[in-house]
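So you can see what is in the structure, the chains are spelled out below.
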Amino acid sequence: MNPRYRPLAATTLIFVVAYGLCILQYPGMWSTRILGNFLTDNAFLGIAAVGATFVIISGGIDLSIGAVIGLAGVVVAVLVSHLGLHPIAAFGIVLTMSAVFGAAMGAVIHFLQVPPFIVTLAGMFLARGLASILSQDSIPISHPFYKTIMDLYYRLPGGGRLSAIGLLMLLVFLFGGLIAHRTRFGSYVYALGGNPTSAALMGVPTGPVTIGIYALSSLLGGLAGIVYSLYTSAGYPLAAVGIELDSIAAVVIGGTLLTGGYGFVFGTLIGVMLQGLVQTYIVFDGTLSSWWTKIAIGVLLFLFILLQQLVFSAHKAGARLKKAAA
Amino acid sequence: MPTDFRPADPGSVGNRQPETSGADANVVLVAKGIVKTFGNHTALDNVELALHAGEVHALLGENGAGKSTLIKIITGAYTPDHGEISVDGVQVHFTTPQQAQSAGIGTVYQEVNLLPNMTVIDNLFIGRQPRRYGLVDRRKMAREAHRILSQYGLDIDVHAELSTFSVAVQQIIAIARAVELSGKVLILDEPTASLDRTEVEKLFEIVRRLKARGLAIVFITHFLDQVFELSDRVTVLRNGRLVGSETIGDLDRTSLVRMMLGKDLAFVHAELAADDTEPSSPLMHFRDFGRSGSVNPFDLTVHRGEVIGVAGLLGSGRTEMARLMFGIDTADQGALNIDGEKISLRAPQDAVSQGFGFCPEDRKVDGIFGDLSVRENIIIAMQAKLGWLQALNRDEQMEIAEHFIEALDIRTASADLPVKLLSGGNQQKVILARWLATDPRFLILDEPTRGIDVGAHAEIVRMISRLREDGLALIVISSELDEIVSYSSRVVVMRDRSLVAELRGAEINPSSIVRAIAAQDAEAAE
Ligand SMILES: Nc1ncnc2c1ncn2[C@@H]1O[C@H](COP(=O)(O)OP(=O)(O)O)[C@@H](O)[C@H]1O
Ligand SMILES: [Mg+2]
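Sequences listed follow chains B and C, in order.
One gets my numbering by counting positions in the first sequence from 1 and adding 92 to each.
One gets my numbering by counting positions in the second sequence from 1 and adding 73 to each.
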């Protein structure tokens, strides 16, 4: 097996084993109902994490995702509840705005050569601030369209429900995978993460690609915000605080290298599911504090970074041996 | 010159202009009056280059002469301060390498790293992947990749990651990529530096084929043999200025070297003559020193004030020997005695504290810190030896850096320039300066002159002799026998991971070294 796949394989294995152990303790966890809830509860995180996967593969980071989710939710709520727009129109406006917001961050990163960390940190404050100016409080959304969508589901065998937003998340992962592995844009993202100078000299249009990456990340942030507003039937300026870090954790646990150049969209899905599993376990247990989720994720993250280091240094040593033998 | 150099539309070709260089109908690309400054350092000063269809055009000059900068300007990686470039008589304003690629200019830049994290296929096709239904067509790319690489006699797994291949294979992939891209012009900036003889032959064969197809090929190299073997025309730069452009028939080696250096080859050689004084006292003794799977045990005594040349074929264990002596790999047998005291080398720090220094073979990977400044690169080993508690302040650092920049004649705009912007020879000098700053007693140089030009070459060789006169002990690994012969007081020959011969005195000449290296082949044949 290509050593690059090892972290991904390890994540998958850990997920399967962990799920198995959970089921041994709580047989109730083995049901499509739990699985369906998994997908629904983590839909917004998963969608945002797909964007984060692209950003991290390109060697960047996006700290504004959580704030963009919050802003998108508030804007949708204002447009629908205060201004009476149809949700579909509001979605269109919010998605466009989000993409433009991300593109602007990408442009600053590329043209002014400011580190993504700083630019997206500024973007985070900006988006959070804007959301709070629009409203201090949670704005409920009671449009019938919302109800229609949330009532849509596909009945899984065994009584579970695959909700519309759960399905949307799976589709986003599918598209994400397609873009990453089967389009020119996807290959440019890996190229940037590998070596931006070489990439530029090889004719990769680094400017448009950087802009595209952050536009995609914010666009998915916006979509996640819409999903979050569907999930909670409200827009709240302080929604999804810290989700950017959860999504980065999901990306890294999913086998993507934090320094860029390597990674899998599919791995991120497993990373998200693993986080969801920990949460579900805690709910089942009933006595543990929900902060144990964070502790478990912290431990997992640490393990994975360690594992990646091992794999990559072993790989390098192997390459050197090969070179010496040649 | 008031030329307006605002970037035009992507890949745009400006207003049609009459061919300025006159009658020559087969001129493909002309660069005229090119000026480029970095800070207050003028890298190119009014340089001109004209490429004709169906010619191999050698671009020569010492390190730092401005060759790579010129290439980058022609291909849109840099924007010139002044000057104009036209392709097929039409003025162009490339602002990105991509535009030059679409105009049919394929380039292998000197610092080709390609994309080590991606597959061979990706590296060959990125930027122009064939598509089906909007998605990249992996099957077609794999087929094409095999076809392309087979022309170079390369049959490899094209789905494997680039970093799993040797530098030479990567170089061939870079070349193959550029050749595929070049409809009109192919530019190769020192492509042969890491290729062996047969690979060079294959490359030349392909270059000749492309030439027959009517391409203009720019070829930058430091090997004069290759210039005479391959090129039709030679343009020489020196210190950012154009020295001249001649057809190869009008030149002989001496005049070419004179053009490049502004001095005679004989003069260079005179300075290289080795002196035969016997080395003085022994400094250290490696006894049965070895590491299983890497280098077989060897015995070697090193004296103060001597240069030990290490000869051998690629892969004979020379570099491994150096790594062992510097504690990068630890010896699992034998012992090292320095001044009669037993020393164990478990890590490079141990070696450094004994006054050892090591300039590795692949300076880009193991030697320089590309993003750090010249000053920081020079100071780093010294600082490590002092310990981080005794930090040198900036002024002290600057003083030391300036001293070595002057002493070793390091060509850099300032001591604060990132080292990666220097030319190869100058980077090599920076590494040398780094170790000299630690005031070492024993220096290991692994291929110190690889990939650098005649002038810098001669300088490094002179420096080796000077260090030896200062009482340093040096071990120099080199594939260039003439060079080894010129500075070594002793030559050891490596073969099959063993030290197999030690030559001294009159034995030190290229033919006996070759005989010592080759002896095994005769044995093996039996
Ligand atoms: N990006 C850069 N910034 C500053 N100086 C540079 C840069 N690129 C090249 N130089 C300087 O320009 C000069 C010419 O370098 P280069 O074109 O690489 O020479 P060559 O390829 O002939 O060895 C050198 O003195 C080098 O230090
Ligand atoms: Mg160069």
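There may be inaccurate statements among the hints.
Computed, partial: chain C to chain B, Cβ under 10 Å [said to hold, decoys possible]: (1) Lys145; (2) His155; (3) Met332.
Within a straight-line C-alpha distance of at most 20 Å, the following computed SDA-like cross-link-like pairs (lysine to any residue) qualify [unchecked claim]: (4) C/Lys213 / C/Gln224; (5) B/Lys239 / B/Asn287; (6) C/Lys257 / C/Arg286; (7) C/Lys284 / C/Asn99; (8) C/Lys213 / B/Arg274; (9) B/Lys239 / B/Leu171; (10) C/Lys493 / C/Asp423; (11) C/Lys458 / C/Leu494; (12) C/Lys284 / C/Arg360; (13) C/Lys213 / B/Gly184; (14) C/Lys213 / B/Thr275; (15) C/Lys493 / B/Arg274; (16) C/Lys213 / B/Leu337; (17) B/Lys386 / B/Leu337; (18) C/Lys415 / C/Arg360; (19) C/Lys458 / C/Lys493; (20) C/Lys213 / B/Leu171; (21) C/Lys213 / B/Val192; (22) C/Lys458 / C/Asp423; (23) C/Lys105 / C/His155; (24) C/Lys213 / B/Arg276; (25) C/Lys275 / C/Leu303; (26) C/Lys105 / C/Leu315; (27) C/Lys257 / C/Val100; (28) C/Lys275 / C/Val240; (29) C/Lys284 / C/Asn312; (30) C/Lys493 / B/Ser227.
Just some of the chain C residues that point at chain B, by a computed CB distance under 7 Å [unchecked claim]: (31) Val209; (32) Leu554; (33) Glu556.
In short, the hints are calculated from the structure, not lab data.
Quick reminder that beta carbons are idealized off the backbone N, C-alpha and C, glycines included.
Each hint, compared with the structure:
1. Lys145: holds, 8 Å
2. His155: With a minimum Cβ separation of about 23 Å from chain B (threshold 10 Å), the hint on C/His155 is violated.
3. Met332: Hint on C/Met332: violated, closest Cβ of chain B at ~29 Å, above 10 Å.
4. C/Lys213 / C/Gln224: holds, 17 Å
5. B/Lys239 / B/Asn287: violated, 47 Å
6. C/Lys257 / C/Arg286: Holds, at about 10 Å.
7. C/Lys284 / C/Asn99: Given pair C/Lys284, C/Asn99 holds - Cα atoms ~13 Å apart, limit 20 Å.
8. C/Lys213 / B/Arg274: Satisfied, since the Cα-Cα distance of roughly 13 Å is no more than 20 Å.
9. B/Lys239 / B/Leu171: holds, 17 Å
10. C/Lys493 / C/Asp423: violated, 28 Å
11. C/Lys458 / C/Leu494: Distance of about 27 Å is beyond 20 Å: violated.
12. C/Lys284 / C/Arg360: Since the Cα atoms of C/Lys284 and C/Arg360 sit roughly 55 Å apart, the hinted pair is violated (cutoff 20 Å).
13. C/Lys213 / B/Gly184: violated, 38 Å
14. C/Lys213 / B/Thr275: OK: C/Lys213 and B/Thr275 at ~14 Å, within 20 Å.
15. C/Lys493 / B/Arg274: Between C/Lys493 and B/Arg274 the Cα gap is close to 34 Å, so the pair fails against 20 Å, i.e. violated.
16. C/Lys213 / B/Leu337: violated, 40 Å
17. B/Lys386 / B/Leu337: holds, 11 Å
18. C/Lys415 / C/Arg360: holds, 11 Å
19. C/Lys458 / C/Lys493: Outside the cut-off at roughly 24 Å; violated.
20. C/Lys213 / B/Leu171: violated, 48 Å
21. C/Lys213 / B/Val192: Measuring from Cα to Cα gives roughly 36 Å; hence the hint is violated.
22. C/Lys458 / C/Asp423: holds, 10 Å
23. C/Lys105 / C/His155: holds, 9 Å
24. C/Lys213 / B/Arg276: holds, 14 Å
25. C/Lys275 / C/Leu303: holds, 12 Å
26. C/Lys105 / C/Leu315: Answer holds: C/Lys105 to C/Leu315 is near 11 Å, not above 20 Å.
27. C/Lys257 / C/Val100: holds, 11 Å
28. C/Lys275 / C/Val240: holds, 16 Å
29. C/Lys284 / C/Asn312: violated, 30 Å
30. C/Lys493 / B/Ser227: Violated. C/Lys493 to B/Ser227 sits at ~51 Å, over the 20 Å cutoff.
31. Val209: Interface hint status for C/Val209: holds (6 Å vs cutoff 7 Å).
32. Leu554: violated, 22 Å
33. Glu556: violated, 23 Å
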